[in-house]
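Here the protein sequences line up with chains A and B, keeping their order. Heads up, the first sequence is in full-length UniProt numbering, so the first residue is 1 and it goes up one at a time. Heads up, the second sequence is in full-length UniProt numbering, so the first residue is 1 and it goes up one at a time.
Some clues are possibly wrong.
What the simulated footprint calls covered on chain A by chain B, stretch by stretch (three residues with Cβ under 8 Å from a Cβ of chain B suffice, anywhere in the stretch; the number is not a length) [to be verified]:
#1 75-83
#2 143-150
#3 198-206
These are calculated hints, taken from the structure and not from any lab test. By construction, the Cβ of each residue, glycine as well, lies at the ideal position given by its N, Cα and C atoms.
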Amino acid sequence: PTFFCSSCQLQSATLGPHFTDCISRDQETFRCWWSPGSLQNLSSPGALRVFYLKKDSPTSAWKECPEYIHENRECFFDANHTSVWIPYCVQLRGQNVTYFNEDDCFTVENIVRPDPPVSLNWTLLNISPSGLNYDVLVSWKPPPSADVGVGWMRIEYEIQYRERNATNWEALEKQPHTQQTIYGLQIGKEYEVHIRSRMQAFVKFGEFSDSIFIEVTEIPSKDYTVPLTLVLIFGVVGVLTVIMLIVISQQQRIMMILLPPVPAPKIKGIDSELLKKGKLEELNFILNGGGVDGLPAYATDFYQEEPWVEFIEVDEEDAEGGDKEDNYNSDTQRLLGLPHRNIEGFSAISHPDDDSGRASCYDTDLPEHDTQRLMASLLPGQPEDNETCLDAPASETGEKPLIQTQIGGPQTWVNTDLYAQVSNVMPSGGVVLSPGQQPKIQENTSGSERETQKGGKQNEDVEGIKEQKRNEPQFQLFVVVPEGGGYTAENNTQQTSTPPSTSVPGAGYQTIQPQPMETKPAATGDANESPYILPEPSQPQLFTPVADYTVVQELDTHRSLLLNPPPSQSPSLCQPQHPLKVPMPVGYVTPDLLGNLTP
Amino acid sequence: ALCSRLSSMRAASSCTNGQTGCHFLSLANLFDRVIQHSARMHGISNDLHSEFELYFLPSKNQIGRVSRNCHTSTILTPNGKENAQRIAREELTEVILKLLVAWREPLWHFHQNMAQHREFNNFSSNKSLEMSEMVHELRRGVQKVVEKMQMLGVINSSLGNLGSPEALLASDRAEWRLMNDYDLLYCFRRDSNKIQNYLKILKCRIIPEHGC
Numbered sequence: 001p002t003f004f005c006s007s008c009q010l011q012s013a014t015l016g017p018h019f020t021d022c023i024s025r026d027q028e029t030f031r032c033w034w035s036p037g038s039l040q041n042l043s044s045p046g047a048l049r050v051f052y053l054k055k056d057s058p059t060s061a062w063k064e065c066p067e068y069i070h071e072n073r074e075c076f077f078d079a080n081h082t083s084v085w086i087p088y089c090v091q092l093r094g095q096n097v098t099y100f101n102e103d104d105c106f107t108v109e110n111i112v113r114p115d116p117p118v119s120l121n122w123t124l125l126n127i128s129p130s131g132l133n134y135d136v137l138v139s140w141k142p143p144p145s146a147d148v149g150v151g152w153m154r155i156e157y158e159i160q161y162r163e164r165n166a167t168n169w170e171a172l173e174k175q176p177h178t179q180q181t182i183y184g185l186q187i188g189k190e191y192e193v194h195i196r197s198r199m200q201a202f203v204k205f206g207e208f209s210d211s212i213f214i215e216v217t218e219i220p221s222k223d224y225t226v227p228l229t230l231v232l233i234f235g236v237v238g239v240l241t242v243i244m245l246i247v248i249s250q251q252q253r254i255m256m257i258l259l260p261p262v263p264a265p266k267i268k269g270i271d272s273e274l275l276k277k278g279k280l281e282e283l284n285f286i287l288n289g290g291g292v293d294g295l296p297a298y299a300t301d302f303y304q305e306e307p308w309v310e311f312i313e314v315d316e317e318d319a320e321g322g323d324k325e326d327n328y329n330s331d332t333q334r335l336l337g338l339p340h341r342n343i344e345g346f347s348a349i350s351h352p353d354d355d356s357g358r359a360s361c362y363d364t365d366l367p368e369h370d371t372q373r374l375m376a377s378l379l380p381g382q383p384e385d386n387e388t389c390l391d392a393p394a395s396e397t398g399e400k401p402l403i404q405t406q407i408g409g410p411q412t413w414v415n416t417d418l419y420a421q422v423s424n425v426m427p428s429g430g431v432v433l434s435p436g437q438q439p440k441i442q443e444n445t446s447g448s449e450r451e452t453q454k455g456g457k458q459n460e461d462v463e464g465i466k467e468q469k470r471n472e473p474q475f476q477l478f479v480v481v482p483e484g485g486g487y488t489a490e491n492n493t494q495q496t497s498t499p500p501s502t503s504v505p506g507a508g509y510q511t512i513q514p515q516p517m518e519t520k521p522a523a524t525g526d527a528n529e530s531p532y533i534l535p536e537p538s539q540p541q542l543f544t545p546v547a548d549y550t551v552v553q554e555l556d557t558h559r560s561l562l563l564n565p566p567p568s569q570s571p572s573l574c575q576p577q578h579p580l581k582v583p584m585p586v587g588y589v590t591p592d593l594l595g596n597l598t599p
Numbered sequence: 001a002l003c004s005r006l007s008s009m010r011a012a013s014s015c016t017n018g019q020t021g022c023h024f025l026s027l028a029n030l031f032d033r034v035i036q037h038s039a040r041m042h043g044i045s046n047d048l049h050s051e052f053e054l055y056f057l058p059s060k061n062q063i064g065r066v067s068r069n070c071h072t073s074t075i076l077t078p079n080g081k082e083n084a085q086r087i088a089r090e091e092l093t094e095v096i097l098k099l100l101v102a103w104r105e106p107l108w109h110f111h112q113n114m115a116q117h118r119e120f121n122n123f124s125s126n127k128s129l130e131m132s133e134m135v136h137e138l139r140r141g142v143q144k145v146v147e148k149m150q151m152l153g154v155i156n157s158s159l160g161n162l163g164s165p166e167a168l169l170a171s172d173r174a175e176w177r178l179m180n181d182y183d184l185l186y187c188f189r190r191d192s193n194k195i196q197n198y199l200k201i202l203k204c205r206i207i208p209e210h211g212c
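For reference, chain B alone in the conformation it holds in the complex (with noise of 0.2 Å):
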């Protein structure tokens, strides 16, 4: 069902340069590429989280245990839906660039330490590389959505850092490999509903009259 939907969003974006409501279409449909991949991204990481759970059986304080903080704790982000429509369209997207770019190498890693287990089935084994590539791709994605934010003026310019946003989390590099397996997986399907509901906020904030 994802990939005829994205299909039919590839299909709905072709169309020329030269009408501008055709652009917002195009970034519209481009919004709605990257949130139906964030979507199948938490969709994933939720699985992923479910039968860790399932396989390690936790104890059920796991998730009152879960008191320190991930390692994209220290980004500020949006924590209600009026804080969401509150915060600037630049810092919303800031916010969601930095969270993609911080869980690159942890998922990635993560997957190599899954490979290894035997635990795990092949199945899992392949949804935690899916996982990992999806952060890279969803990221992409999203900065392409920003540049076309850019060249229509909906944002301002002054996310032109973003092109290398391994800069802000330089210090966070390392707070990731303290974290065991589990408390990744919770970490991440938490980042990536807040991915997931950011990108939807930003888009119906920015055009509302398509599919809001």
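Extracted from the complex, chain A is given alone in its bound form (with noise of 0.2 Å):
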């Protein structure tokens, strides 16, 4: 289309000369092409001349073309000849004739046709999940006549497509940018692409680029899709599966990771079934440290050999009132029986044992029982040759049995070592400790071990015992077995230890001095055995006099009982007279027994 006669091109024939069109590509020069019409002899260069207003002022005046490209019939104005918005006016000269026409006057910035955009190419952008359409992002630089760099030139362009035999182009919509986006083209067939420029705000484009082709063929993924959606989805289920096992499976570890059990508090040693079984025993032991010294079967196993010892308890539960010998003699009698019969070795019960030393404070009305002098084997390491104290308690000879009480397994006592049970803890400090002492001793508390044997021990007769027993040596050991359960609720349950206490020195059981040098012989080893002390609640009231009782000094490292005589303790007692030492009740304490301890 040119721009100055657009029904030129029809009346060319009859036309004089007259300009075909000026353009300019970068605003900065334009070019004029002439055709010399219907009249040829003008042809011919130089014929026609070229000349311009530039109506720049008042007083422009024509001038001539400043260069002449003739071959094109073409005028170019160069950077010099050209200024933009200033209105430009051509004209033709032939000879003597001017051919002016007022339409072909122009400012540049009108006439402006950039040229069309360089290197296109074009990215396959992505493909329709059906795999028919395909999009494709089209690129290209801008003309490099056109100053876009320095902002000279402000140009948009205009991308057209078409299928390789259509006829019609698609144009979509101008823009600035060197780069836009073709939707939906279709996989297989061959698309055209071209580009023009034009001047931003203006009509005029430029030429057409060069056109490249785009084309996808069809891409085989569709093989691969297939099989490799199943390979996932039997992946992921097997996986699933796996993991479900391994839930299932480890479904308490799992639990325990989870939500871990809280800990519930525990004593160490201390079984809570225990409790709530009521072994005590059991529980005595432990808290005695039996399972750390590796007794505890030893010691269970000891007291599970001497089923006289619920005989004993059965006594206990028996009325006070058959008379102390009959009492006495029954468990005497019981006690010798047993051993006899049931414990191995018991024979050597009569065999008193050198190391007891008791022979010489043995009284002589001690009954002839085997487990009297059992009694006495039982208490090793006493120096009671050298100690008469034990004449005294010897008056009451009826109390015997109490010490062959403790008949249960003398050999194992003597293997032992004596140890003596302390069955209740005196307020004052004495210990009462189970029989096991020398038959003094016996005599001296075998009153109240009866009473207590017996079980039910009214308070009475236990102060009459204690009358009996002022004069006699000053401790009273009880040693107190126990049941073989619910020892702790009965009183009555007081029955000899199998163990007489080892630390029981000269006095025979008499007193447990704190003397380790005299003790250590025959309470090395013993007095650990000593599964536990069980004072009774009874006890207590039997031996407020003090004088039968001595105190617990401490449990040496063996857990031997080392007594002290109470300060009221006659020296006649064979007892050296020891500094009083606190009481300290050591091993298994009930409760109901804790105000009973406080001195």
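Relying on the hints, combine the two individually framed chains into one complex.
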């Protein structure tokens, strides 16, 4: 389309010389082409001359074309002769004729037609899931002639595309960027794309660029997608199954990890189940560290081997009604019987052990019961020979059996060294041990023990006994053997412990003195074996007068009881005066006895 | 498309005042905004001019008869790329502002006249109104750009008198009334292109790295 003469081509035959077009490519220069028209005689070069008028001042004049290009019939205006926004008028002049048309006036910015962009290329953006369509990104560079970098020209582009053999072009929206996306192209078809440019907010487009061809053939991806999908599905299902199996099989552990159990308070060595079952003997045993010493098995077996313990218990339940001697005898007999019957090696009981050292202190009144001798033998390491202290307590013979109650497993006692079990700790600090003491002690304690053994001793009797025993050895050791079950509840359960306290030095168990040197030989390794000290709740009442009781001073390393005679004890008791020591109740103490323990 | 581009530019210009690079980025964004604005203004003026030609069927001599000067011809403007690049920044900015100031009142009057003509449809009438408003907005935008440039030290502060550019054109105030509507549209079309061109050149001279 020409700028000047839209109808000129129709009338070119009759029309004279005229300008066909003036175009600027970069807004810095422009060219004008003319045609001689129908008058051929003016077609020779130089026959027509171009003049232009630049209306930049009122006094401007026509000037001739600065540069001719005759072969093109073109007049070129370079940058020096080009001014934008200033009206130009061009005319042709012949020999004497001037061919001028007012339409041939223009301003440079209105005749700008930018060159087409260069370096077109395209990239595939994506393919539709159906595999039928795809999108393409076309990119290019601005025409080099247009100085876009300086901002002198602002170009916008228009992309047109069509199928290879189509006739109509599809035009996309004009935009100033150097790339644009074409959507919805079909796979398998070839497309032709070209671009043209124009100044922003102007109407004249430049020429189209050279076409590029876009074609995307089918991608055989479907073959891969189907098996891949199946593999993924099966893989996921398999993994899930494995996880479920793991979870189910390791349910407990997982629950432990996820929801760890709250630790309940526990005491080392104590099983709450024991408490629930009431197995106090075991509990006491544990408390006394029996388990640590490796003794529990022994201790439990020890008791188990002595059914006479229970036997005694039965006696305790008997009413006090029976005279002491009867009870004593019965107890003694029982005691005597049991070891012979049930306990091996009890025959040795009849043989006084030299270690027991009891002989000297033995009272002749002691019954000939083997048990008594056994009892004597149960007192190892006691320098009874040198002491006559036991004579006093010998007055009561009837109480011998008490000692005899210690028969149970005398040999065992001997083997383990004599040790006594504290059946009770007096408020004054005296310790009540079960029988297993020398006969004198038996006498002293027999009454009380008898009563205790009988169980359910009444205070009067106890006190009576106490009175009787005032002159007697100053201490009485009640070795109480707990029953196999449920000891704590009964006050009656005063059972002579099998092992007499070994810590009794010379006084023949009358006083357990904290004389490790004396007691050690016999005491070594025995006191530890005393499973526990069971203070009787009723016993404190029996032994308040103190004289018959000693204070457990301490436990030596072997857990043997080291008793101290109470301060009120008479020196005739063959008890070396020992400084009182603070009684230290050790072992198992029932809560209800705590009150009694306080001095 | 213009609105979206303006909004995106608005978002991009929201940076803190602590960094020089950010300042230049905000200045570039300001420039882009005013350039876009001027481009739109020029487009509207182009449309109006074409419609005016269509409606009033001016003779083909119209272009040839554009010998009368526009009222803004007295403003010296660079007429070529090299001239525009050689001129000082301050002077180029001053030219832009002068042009914008000179066209505010004539366009407003043009709109008033066009509203009365029944030949002009509503669409053209809206365009003339929009055109007159855009001139005013563009002038304010360019003044903001100038202030930013002065803050950044890009240009000297010798343009202080531009706050009241009416003083510069006091002598030209009456000349525009002599033009007819067509000439006015023609002249404004030319001047809007000048403004657009000068703004782009100015931006690419000051901040060449952002979109030139």
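For each hint, the structure was consulted:
Given a C-beta distance limit of less than 8 Å, the hint that chain B covers the stretch 75-83 of chain A holds, as 3 residues qualify and 3 suffice. For the stretch 143-150 of chain A, the assignment as covered by chain B holds, since 4 residues bring a beta-carbon within under 8 Å of that chain's beta-carbons and 3 suffice. Three residues within the 8 Å Cβ limit are the bar, and the stretch 198-206 of chain A against chain B gives 4, so the coverage statement holds.
In the structure shown, no violation is registered for any of the earlier numbered hints.
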